[in-house]
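Protein sequence lines, in the order shown, are assigned to chains H and C. Position one of the first sequence corresponds to residue 1 (this note's numbering), numbered consecutively onward. Position one of the second sequence corresponds to residue 1 (this note's numbering), numbered consecutively onward.
Since the hints were derived computationally from the structure, they do not count as laboratory data. For clarity, every value in this text was computed on a predicted model and none was experimentally measured. Among the clues, some could well be false.
Taking lysine-lysine pairs in the BS3-like style, the calculated list, with each CA pair at most 25 Å apart, reads [to be verified]:
#, chain 1, residue 1, chain 2, residue 2
1, H, Lys-342, H, Lys-233
2, C, Lys-156, H, Lys-141
3, H, Lys-407, C, Lys-148
4, H, Lys-141, H, Lys-294
5, C, Lys-156, H, Lys-407
6, C, Lys-103, C, Lys-231
7, C, Lys-148, H, Lys-279
8, H, Lys-141, H, Lys-233
9, C, Lys-231, C, Lys-219
10, C, Lys-156, H, Lys-233
11, H, Lys-342, C, Lys-219
12, H, Lys-407, H, Lys-141
13, C, Lys-103, H, Lys-279
14, H, Lys-322, H, Lys-279
15, H, Lys-342, H, Lys-294
16, H, Lys-279, C, Lys-156
17, C, Lys-103, C, Lys-219
18, C, Lys-103, H, Lys-342
Label pairs and their computed distance ranges (CB to CB) [to be verified]:
#, chain 1, residue 1, chain 2, residue 2, range
19, H, Ser-371, C, Ala-235, 43 to 49 Å
20, C, Ala-294, H, Ser-371, 31 to 37 Å
21, H, Ala-408, C, Arg-200, 23 to 29 Å
22, H, Pro-212, C, Arg-341, 44 to 50 Å
Glycine included, every Cβ here is placed at the ideal spot set by N, Cα and C.
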Amino acid sequence: MSKDLVQQHRFSNGLTLIAEPMPGVRSAAFSFLVPAGSVYEPAELGGGATMLAEWIMRGAGDLDSHELIGALDDLGVTHAENASATHTSVSAATLGENLVPALALFADVMRRPLLDEEEIEPIRALALQALQSLEDDPGSKVVLELRRRYFPDPWGRPSSGSPESVSAVTAEDLRDFHRRLFRPNGAILGVAGAIDWPALRDAVHELFGDWPEQADPTITLGARGPTRDHLHKDTQQIQIALAYPSVTIDHPQYYHARAVTAILGGYASARLFTEVREKRGLCYSVYSSYEGLKHQAAVICHAGTSTERAQETLDVTLAELKRLGQTGVDADELDMMRAGLKSSLIMAQESSMSRSAALAVDWYFLGRVRSLEEIRGALDALTPEDVSAFAAVQPIDEATIVTLGPKALDMPS
Amino acid sequence: MVRPPALESWGPVHYDVIRSQAALGVPIVRFHQASLANGLEVVAELNDRAYSVATGFFVKTGSRDETAEIAGLSHFLEHMVFKGTERRDALAVNRDFDRVGAKHNAQTSEEDTIYHATCLPEYLPATFEVLADILRPSLRADDFETEKQVIIEEIKMYQDNPMMVAYDTSKEVHFDQHPLGRSILGTVESIRALEPGPMRAYFERRYSPANIVLAVTGKADWDAVVALAEKHCGAWKGGPAPRETVAPRGTCRFQAILREEDQQQTVVMVADGPPLESDDRHAARLLTMVLGDATGSRLYWELIDPGHADGVELSYQDYNNGGAFYTFLSCGPESTSENLRRVAGVYRRLMADGPTEEELDRARNKVLARLVIASERPMGRLMGLGYHWAYRREYHSVERELEIYRAVTTADLRRVLERWPLLPMTIVSVGPTTEVTPPAFWSSPQGELS
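Could you put the whole structure together from the sequences, leaning on the hints where they help?
What follows is the structure, encoded as structure tokens:
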């Protein structure tokens with residue numbers, strides 16, 4: 001993450017290539033973010049971006065579905081394609097010498113997918129089953145329902161869509177989505193590992209340099225959902241999820257927010273784990289995490305516990321949120337948070353996959369890559385006083401709370 | 001204490017070889033091994049170019065070492081280990097790991113309980129001191145009662161997860177009375193009935209130094225590792241903790257469990273596989289890639305590509321004197337029987353015709369690349385190093401593993417299939433329907449399959 005190692009090139013069509021050679025690794029990984037996320041699909045066609053991410057892998061360029069997957073396997077490429085709210089993304093890793101051939105295959109996938117009509121119904125069947133599987137996973141379901149209510153539409157919309165919307169999407173809708181939204185302007189390709197920068201830059205130019213730009217779409221911001229909700233299901237445990245507003249990554253107090261979130265529930269000696277699990281034995285899993293979009297952010301807390309202990313779990317969690325604001329944090333807690341975040345940062349440098357993702361994500365949010373020194377410096381500059389002051393004004397009263405399980409809980413009004 | 005000289009993992013070492021590897025950016029790793037006087041074995045694969053160091057205690061004990069009266073005890077004990085020692089309470093254990101930013105965790109399986117921590121090299125002494133300290137826990141009665149509640153919550157969490165229910169039940173049905181069929185978590189009832197006394201007795205029996213391997217990977221100095229082990233583990237006492245093993249023979253039965261609230265049907269299928277003592281492990285792993293990798297495998301093309309199921313995978317699990325192939329399936333309830341027929345058809349065809357050279361090459365490329373990628377983190381090497389030494393007293397460098405995979409032939413895969421046929425198999429189906437028909441021949445003896 002040393003500053004001088006990171007290389008960056010912006011092609012004339014708006015595609016940014018950002019790369020970091022890593023000494024001592026044999027692998028190379030990339031994270032390719034194309035600004036074609038699910039927020040750009042009409043609500044009634046929700047799930048379309050996810051279906052398209054599957055469709056583009058079913059043959060591209062001169063290769064049919066079997067040949068494409070076979071070619072990736074021949075190169076030993078581990079890969080995943082996803083649609084998030086903001087991007088359709090590919091993350092992939094392989095041996096360094098196979099990186100450019102793998103990128104060439106994904107250039108076809110992004111730019112020249114076959115989009116064969118025959119594949120549509122199988123893809124729809126997969127999308128519908130994925131929605132059903134989600135219903136069978138209460139922990140994931142409650143967080144998804146929390147996001148849907150907390151973030152204003154379309155930002156809270158799940159990229160998996162609904163059974164109705166997935167059933168309604170047509171092949172032509174998806175082709176249109178691909179034509180309009182798969183574009184180089186705003187796309188980011190982060191690469192890390194065993195790479196040769198000049199050769200990589202030339203290869204990317206060759207593969208993507210003539211990818212034509214498209215107009216950027218606009219989004220109409222809708223309303224937020226209800227701030228209190230319960231979803232009934234006859235499960236063993238009640239799932240509790242809450243979210244309250246935080247600051248975005250470009251905000252001067254971003255590291256304050258990360259510090260507060262970590263001290264609340266980011267590791268084993270954090271407050272939620274200590275108070276809810278270690279002292280009271282109320283649940284197996286309880287945590288808080290920071291979740292950022294470009295223009296909004298949240299702290300999310302999640303716990304799952306049996307019916308008779310769920311009310312106490314919620315009450316203790318809310319009390320800990322309040323206590324954090326009232327009593328602030330001490331120097332020991334701050335040191336612990338710093339030690340944890342710093343070792344995560346350094347350990348991330350051992351993995352080409354996590355580095356390539358970090359490069360792309362930093363570029364998306366900040367238009368630059370933060371150096372290890374910058375992050376360390378910002379963490380070291382935090383004092384108990386200013387982190388406590390930040391904690392004191394956290395808008396926990398604006399929290400959205402969603403539960404899922406056999407019984408509704410008493411929620412604060 | 002015996003301390004043999006360091007073995008170079010790259011085989012016979014010449015100066016030029018090291019230099020050219022360094023120039024290529026290939027990390028140079030060193031293997032070391034020592035035994036403490038009390039029987040604790042220490043192994044390390046050290047790499048000066050790593051950014052972190054991972055340490056793990058591999059205790060050879062798990063649910064297969066329990067009896068019905070103490071079902072779930074190994075896993076409960078794993079939790080209790082973090083609840084404190086003579087010197088620390090539970091909060092101090094967490095705090096002392098977190099203070100140096102150490103990422104720590106533990107896991108319990110049918111036959112191993114592993115405690116591990118990864119930290120920056122300068123914090124190895126502090127991290128190791130905590131990790132070693134907790135391996136001699138106080139097992140206090142009041143902590144026992146609090147943690148019992150946490151274990152019960154963990155069991156309930158898994159009861160809300162159809163795949164965990166199907167997986168647990170499939171082992172119970174397949175292994176039947178064999179100890180590998182015991183539930184790792186136990187049941188709410190068995191956990192409620194547990195007392196600290198039997199846990200202490202179990203601890204004395206199973207956590208003796210002779211039954212533990214300490215593995216270290218990443219950036220560290222070998223002499224310093226040995227000195228830390230001597231200092232913090234040298235006084236541990238206890239005799240041998242042998243495990244009697246009998247090779248399991250799967251029952252290949254069928255069971256359907258109704259869960260009306262589920263939307264999807266979840267099925268786990270089990271067939272016997274080679275044990276960890278066998279040299280067929282690598283061929284078995286390649287076989288699972290050909291047949292059941294998440295993408296590009298025969299099961300993928302037969303079930304996922306056409307949209308018949310939203311998940312299907314085949315994996316191989318090796319045990320001490322036992323092994324199993326697990327097939328995991330998730331699909332719409334109405335198409336379950338048909339999908340089971342498809343899975344059986346895929347297996348039958350491969351058993352009849354064997355894999356093609358092209359399929360094996362692709363599977364191999366995938367395994368090799370994944371192996372290299374995983375090995376780039378010390379934590380990615382720790383498990384392999386520890387298990388290998390605990391059960392085989394063998395060290396395989398990444399290069400050695402790559403060589404072994406390269407040498408596997410299609411004939412090896414066919415031989416494994418003949419010795420360990422995927423059909424018949426145990427089938428456990430969980431979900432909104434019990435109207436599931438197992439595929440034809442699902443329980444036939446091997447001879448009838450052709």
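Now the hints, each set against the structure:
no.: 1; hint: Lys-342/H - Lys-233/H; result: violated (41 Å)
no.: 2; hint: Lys-156/C - Lys-141/H; result: holds (17 Å)
no.: 3; hint: Lys-407/H - Lys-148/C; result: holds (24 Å)
no.: 4; hint: Lys-141/H - Lys-294/H; result: holds (24 Å)
no.: 5; hint: Lys-156/C - Lys-407/H; result: holds (16 Å)
no.: 6; hint: Lys-103/C - Lys-231/C; result: holds (22 Å)
no.: 7; hint: Lys-148/C - Lys-279/H; result: holds (12 Å)
no.: 8; hint: Lys-141/H - Lys-233/H; result: holds (11 Å)
no.: 9; hint: Lys-231/C - Lys-219/C; result: holds (20 Å)
no.: 10; hint: Lys-156/C - Lys-233/H; result: holds (14 Å)
no.: 11; hint: Lys-342/H - Lys-219/C; result: holds (17 Å)
no.: 12; hint: Lys-407/H - Lys-141/H; result: holds (16 Å)
no.: 13; hint: Lys-103/C - Lys-279/H; result: holds (21 Å)
no.: 14; hint: Lys-322/H - Lys-279/H; result: holds (18 Å)
no.: 15; hint: Lys-342/H - Lys-294/H; result: holds (24 Å)
no.: 16; hint: Lys-279/H - Lys-156/C; result: holds (20 Å)
no.: 17; hint: Lys-103/C - Lys-219/C; result: holds (16 Å)
no.: 18; hint: Lys-103/C - Lys-342/H; result: holds (12 Å)
no.: 19; hint: Ser-371/H - Ala-235/C: 43 to 49 Å; result: holds (45 Å)
no.: 20; hint: Ala-294/C - Ser-371/H: 31 to 37 Å; result: holds (36 Å)
no.: 21; hint: Ala-408/H - Arg-200/C: 23 to 29 Å; result: violated (42 Å)
no.: 22; hint: Pro-212/H - Arg-341/C: 44 to 50 Å; result: holds (48 Å)
When each numbered hint is compared with the structure, violations occur for hints 1, 21.
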